[in-house]
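Student: One letter stands for each residue in the lines below.
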Amino acid sequence: MPFNLLVLACITYVAFLFLIAFAVERRARRGAARWLRSPLVYTLSLSVYCTAWTFYGAVGYAARSGLEFLTIYLGPTLVFVGWWWILRKLVRIGRQQRVTSIADLISSRYGKSTLLGVIVTLICVIAATPYIALQLQSVTLSFGVFAAAGSYGWALPDSDATALWVAVGLAFFTILFGTRNLDANEQHTGVVIAIAVEAVVKLVALVAVGIFVVWFMASGPSDIIMRIGYSDIADWDLVPSRWAGLIGLSAAAVMTLPRMFQVLVVETSDEAHLATASWAFPLYLAAMSIFVVPIAVVGLQMLPAEANPDLFVLTLPLSQGQGGLAMLAFLGGFSSATSMVVVASIALATMVSNHIVMPLWLSLRPTREVTGDVRRLVLVARRVAIAGVLGLGYFYYSHSEGATSLAAIGLISFVGVAQMLPAMLGGMFWRGATRVGAALGLTIGLVVWAYTLFLPSFGPVAMIPQAVFDHGPFGLAWLRPRALFGAEGLDPLIHALFWSLTLNTSAFCLGSLFSFPSPVERVQGLAFVNVFDTERAEPRVWDDQGAADPEELLKLAQRILGDEPALLFFEDAARQQGKAGYLPDPTPAFLDALERKLAGAVGAAAAHAVIAEVAGRARVTVADLIRLADETAQIMEYSSRLESQRSELERTARQLREANEKLTQLSIQKDAFLSQISHELRTPMTSIRAFSEILMEGDVPPALAAAQARIINEEAIRLTRLLDDLLDLSVLENGTVQLDLRIVSLTEMVDRALRAARQTRPERSFDILRDLPAEALFLRTDPDRLTQVFINLIANARKYCDSRDPALRINVKQRGARVIVDFIDNGSGIPKDKQQIIFEKFARLTDQTRAGGAGLGLAICREIMANLGGTITYLPAQGGAAFRVTLPLRLEKSPRADAA
Amino acid sequence: MAGETGPGGRRLARHAMLIEDEPHIAEAIRFLLTRDGWQVTALADGGAAERALRTARPDLLILDVMLPGRSGLEILSAVRADPDMAELPVMMLTAKGQGRDREAAERAGADLFMAKPFSNAEFVAAARSLVET
Numbered sequence: 001m002p003f004n005l006l007v008l009a010c011i012t013y014v015a016f017l018f019l020i021a022f023a024v025e026r027r028a029r030r031g032a033a034r035w036l037r038s039p040l041v042y043t044l045s046l047s048v049y050c051t052a053w054t055f056y057g058a059v060g061y062a063a064r065s066g067l068e069f070l071t072i073y074l075g076p077t078l079v080f081v082g083w084w085w086i087l088r089k090l091v092r093i094g095r096q097q098r099v100t101s102i103a104d105l106i107s108s109r110y111g112k113s114t115l116l117g118v119i120v121t122l123i124c125v126i127a128a129t130p131y132i133a134l135q136l137q138s139v140t141l142s143f144g145v146f147a148a149a150g151s152y153g154w155a156l157p158d159s160d161a162t163a164l165w166v167a168v169g170l171a172f173f174t175i176l177f178g179t180r181n182l183d184a185n186e187q188h189t190g191v192v193i194a195i196a197v198e199a200v201v202k203l204v205a206l207v208a209v210g211i212f213v214v215w216f217m218a219s220g221p222s223d224i225i226m227r228i229g230y231s232d233i234a235d236w237d238l239v240p241s242r243w244a245g246l247i248g249l250s251a252a253a254v255m256t257l258p259r260m261f262q263v264l265v266v267e268t269s270d271e272a273h274l275a276t277a278s279w280a281f282p283l284y285l286a287a288m289s290i291f292v293v294p295i296a297v298v299g300l301q302m303l304p305a306e307a308n309p310d311l312f313v314l315t316l317p318l319s320q321g322q323g324g325l326a327m328l329a330f331l332g333g334f335s336s337a338t339s340m341v342v343v344a345s346i347a348l349a350t351m352v353s354n355h356i357v358m359p360l361w362l363s364l365r366p367t368r369e370v371t372g373d374v375r376r377l378v379l380v381a382r383r384v385a386i387a388g389v390l391g392l393g394y395f396y397y398s399h400s401e402g403a404t405s406l407a408a409i410g411l412i413s414f415v416g417v418a419q420m421l422p423a424m425l426g427g428m429f430w431r432g433a434t435r436v437g438a439a440l441g442l443t444i445g446l447v448v449w450a451y452t453l454f455l456p457s458f459g460p461v462a463m464i465p466q467a468v469f470d471h472g473p474f475g476l477a478w479l480r481p482r483a484l485f486g487a488e489g490l491d492p493l494i495h496a497l498f499w500s501l502t503l504n505t506s507a508f509c510l511g512s513l514f515s516f517p518s519p520v521e522r523v524q525g526l527a528f529v530n531v532f533d534t535e536r537a538e539p540r541v542w543d544d545q546g547a548a549d550p551e552e553l554l555k556l557a558q559r560i561l562g563d564e565p566a567l568l569f570f571e572d573a574a575r576q577q578g579k580a581g582y583l584p585d586p587t588p589a590f591l592d593a594l595e596r597k598l599a600g601a602v603g604a605a606a607a608h609a610v611i612a613e614v615a616g617r618a619r620v621t622v623a624d625l626i627r628l629a630d631e632t633a634q635i636m637e638y639s640s641r642l643e644s645q646r647s648e649l650e651r652t653a654r655q656l657r658e659a660n661e662k663l664t665q666l667s668i669q670k671d672a673f674l675s676q677i678s679h680e681l682r683t684p685m686t687s688i689r690a691f692s693e694i695l696m697e698g699d700v701p702p703a704l705a706a707a708q709a710r711i712i713n714e715e716a717i718r719l720t721r722l723l724d725d726l727l728d729l730s731v732l733e734n735g736t737v738q739l740d741l742r743i744v745s746l747t748e749m750v751d752r753a754l755r756a757a758r759q760t761r762p763e764r765s766f767d768i769l770r771d772l773p774a775e776a777l778f779l780r781t782d783p784d785r786l787t788q789v790f791i792n793l794i795a796n797a798r799k800y801c802d803s804r805d806p807a808l809r810i811n812v813k814q815r816g817a818r819v820i821v822d823f824i825d826n827g828s829g830i831p832k833d834k835q836q837i838i839f840e841k842f843a844r845l846t847d848q849t850r851a852g853g854a855g856l857g858l859a860i861c862r863e864i865m866a867n868l869g870g871t872i873t874y875l876p877a878q879g880g881a882a883f884r885v886t887l888p889l890r891l892e893k894s895p896r897a898d899a900a
Numbered sequence: 001m002a003g004e005t006g007p008g009g010r011r012l013a014r015h016a017m018l019i020e021d022e023p024h025i026a027e028a029i030r031f032l033l034t035r036d037g038w039q040v041t042a043l044a045d046g047g048a049a050e051r052a053l054r055t056a057r058p059d060l061l062i063l064d065v066m067l068p069g070r071s072g073l074e075i076l077s078a079v080r081a082d083p084d085m086a087e088l089p090v091m092m093l094t095a096k097g098q099g100r101d102r103e104a105a106e107r108a109g110a111d112l113f114m115a116k117p118f119s120n121a122e123f124v125a126a127a128r129s130l131v132e133t
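Just so you know, the sequences run in chain order A and B.
Start counting the first sequence at 1; every next residue gets the next number (the working numbering).
Start counting the second sequence at 1; every next residue gets the next number (the working numbering).
The following block holds chain B by itself, in its conformation from the complex:
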């Protein structure tokens, strides 16, 4: 299930929620996705993420691993445990780029794992692929 479908069929803009505490990285991602036709909601704090997710019901969740308040892995586990959001596509971002983090993210149910820094083109393509499959 990729987001809400109304009586009029698919929504015009795909909605991505970004949870990232580094403001400049968040700004870069917002720019890239907006240019690609996404609607982007960005949050800086892990603690407020869950409630925002439940009300906004995005088509894609992009999660940083290291967050203040609540770690990305914890948020991911909570999302997967919630029957309403269990199918939500999730992309994890990490600046550590170590195998251990990737495994942990995949175990917790991430659909895709992207190391920072990333190529813009790859990033946008990955986001698209997650909502189209």
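The following block holds chain A by itself, in its conformation from the complex:
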């Protein structure tokens, strides 16, 4: 098959996957596609466990070591069949704490520790490197097969170059796929669907090759069984220690591999999917393994002795001239490699950005303020991290090439990630586990793994001199990498597995027993271990004393989550507290919820740190500690009931307090109203009286008299206008206003408003930033009334925006059947204590004894919007005064008239 055709097939396939991901994400954003998150898709996405190693390597593994390859499937099968005990808890914790990666899980459990986040990230990156190298190797090898088989005179010039191109291509593909946007809960629906599709492709490909081998090359199952009987595979002996060790190892890996954690915990939409996956995923694994032995046996018998068993899946169909089938098998292997690389590098990039880049940025930035768009930083960090991870994989590939078979490389990674198991399981089931213990265990595990397995994998002399293998470092024989503490004669893999996990677990337990957990660790430990006790009153990390400014918190959240999601979250929280607007009280419960929300984007440690900067250091109160110490269920239940009553009372009290505040404000405003009315009427009257008296005296020259008469006239008009405004307001308030509903263009209304508002402070040059494509909407509303609102807002900006280069941004969004128009200027905005009252009559921002407008404009706007079935609100934390007008796209009849 021509090489070009092969490359074309790969690119077409990848483009197809990308299109699927893209289309799915668009549909998911519209909230239309519930099936996208079904148990079936979840189960298929778990198949990212089966990489190119499984696809090609299992056959090679079987050809070399008989049924031992089954251990790689048996471990996960055990974990999934027993999902009720471990996986269920893991997924529940992951969802409750909004965990973004396994590094985040461990960091979060042990007091949101930055150090642990860094250690786990390092382990994951180092352990994933051979694994990614493995994928590069398998794709390169499979290219090579086609090159050798082709009669087109083409030969793979340099496998290094091929691997490099594959790495670059995959990096590009992953960056496109996984970092197009920053999701608050770190879910990538499109990627998950693409992986589910790849899961089907690889299963179909492997089964097709299997069927071909069993029924077309051999003559059916009985023939295959006979052939197995004759082959070397039948002579294979089960070594119990290796067998048990490998099953345990793959069971650990299925929970701790970063890519498995990603699909298993981070991408879950529903815990109930686990129940389906508990039988469906083992079935998938069984289907993937059923033809492995037949393919291996037939390959060993029918292909030349020097043929690489790792490639039987490709070479068997090719040897029979089945180009199409070989192509399918190739795409299956390619799918296995790409899905692994995409998910693993997304997971690793998340860890690197959240646990290495974010903490660095938090400590290096010049001011304590959270400035700039954090989201951009995170996205860039992730893209760089993806490229870096693939670069490392390529480096490993080009330095260890040919040294090891596919299966051996994969097992090295497995042992590496298994080092996280003690800290993870210990954290989930043992409240006594501490940060010190976890850090000790992880570090020792990492060092032992690197020394006994990872570094030797580069070849006997590449990293560790031969003398060290023979006599130990500095002549210390008990430190030989293949025979630690004199344990000679063990299989190197089992040797490394045994010592790394034994030392790791011992250090973890001893460290935990001899250290004292911090309060935050205690709180998190309780939340993890007792995750299913939903009745229990949750201990709070934040207390009431913190003087967090909600507006600062909102600014922070906007920089991390994006403007709209942050506003939605704050609005929701405020509503739950019984408050109007966008600024909830910074209660401990709210801070907790916000921290978790942010943790979903940047990880627990960074989220905790940024909130602590606004809210002050987190303190755990005495009451919380008592709650932690007190174990009896009765008291728990009692206190949780008290807690719910207390929060109910708190909510009512807050509502009452707010109502009272509003009433007090209103009564002050009533007084101010009279005083204001008096002022507004007396001012024009003063000029009228003074000039009319002058004119009555009759000794003024005619030209001057005319000018004075004109002033009298102007002031009389001003009086009339004031009375008109008052009447307008009263009509709007009573709902007796006649609306003139028509279909009109929003652009036209904004144009008209901008023209009219230019009369306000005409000497001022004002930048207007509009989004014309978004404005191209047709509304059914009362155009004059809506334009009146726009004029008012624009004129206010012209009047009050105190920026040296004043600018006004007009943003338009359509959300379902409603339209949102935001007017945001770049001045200093409206202080928080005034944001609630600016819409009241005669409420004026400036001090009562200072002059300004009559203070009726926004009150009229509010009434107009109520009549148009919409709202007008002040948007805090937009970097200037910001008003949001929300109204229905199609208003059928006056909502006020309906109510009347």
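Keep in mind that a hint or two might mislead.
[Claimed, not checked] Which residues of chain A face chain B? A few of them, derived with a C-beta cut under 7 Å, are:
hint, residue
1, 675
2, 678
3, 679
4, 682
5, 683
6, 685
7, 686
8, 687
9, 689
10, 691
11, 693
12, 709
13, 711
Simulated from the structure, these hints should not be mistaken for lab results.
Keep in mind it's a predicted model, so treat the numbers as computed, not measured.
From the three backbone atoms N, C-alpha and C, an ideal C-beta is built for every residue, glycine too.
Use these hints to put chain B onto chain A, whose structure you have.
Tutor: Chain B only, in chain A's frame:
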């Protein structure tokens, strides 16, 4: 002390400084006082008032209570705190006409308090009385 006295004795025209943001009211007052033989300087903004006062040294200050930039009461307090101008006669104008404003103005040291709208004759008489006492 009512303004500067030069070697030639009293100045010919009495000088009034008016701080009022409503242009039409300012125009009316300027007309009335000019006709009565005053020299009038009018300012619309409270912020610039103090410096102008220090350079112009008028015989009478007429202050509106509600001003942009700086309120009339604030200007009055600043004037009374300045030893050079502590004795300057000050007339306060207000459109609110409430007792509370009058008290506040008197506490701050206003010599006279006049509610808007006013009678022209009364206004001119009051201005005269302030510089003659």
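Student: Tell me the hint numbers this structure goes against, listed in increasing order.
Tutor: Hint check: 12 fails alone, others pass.
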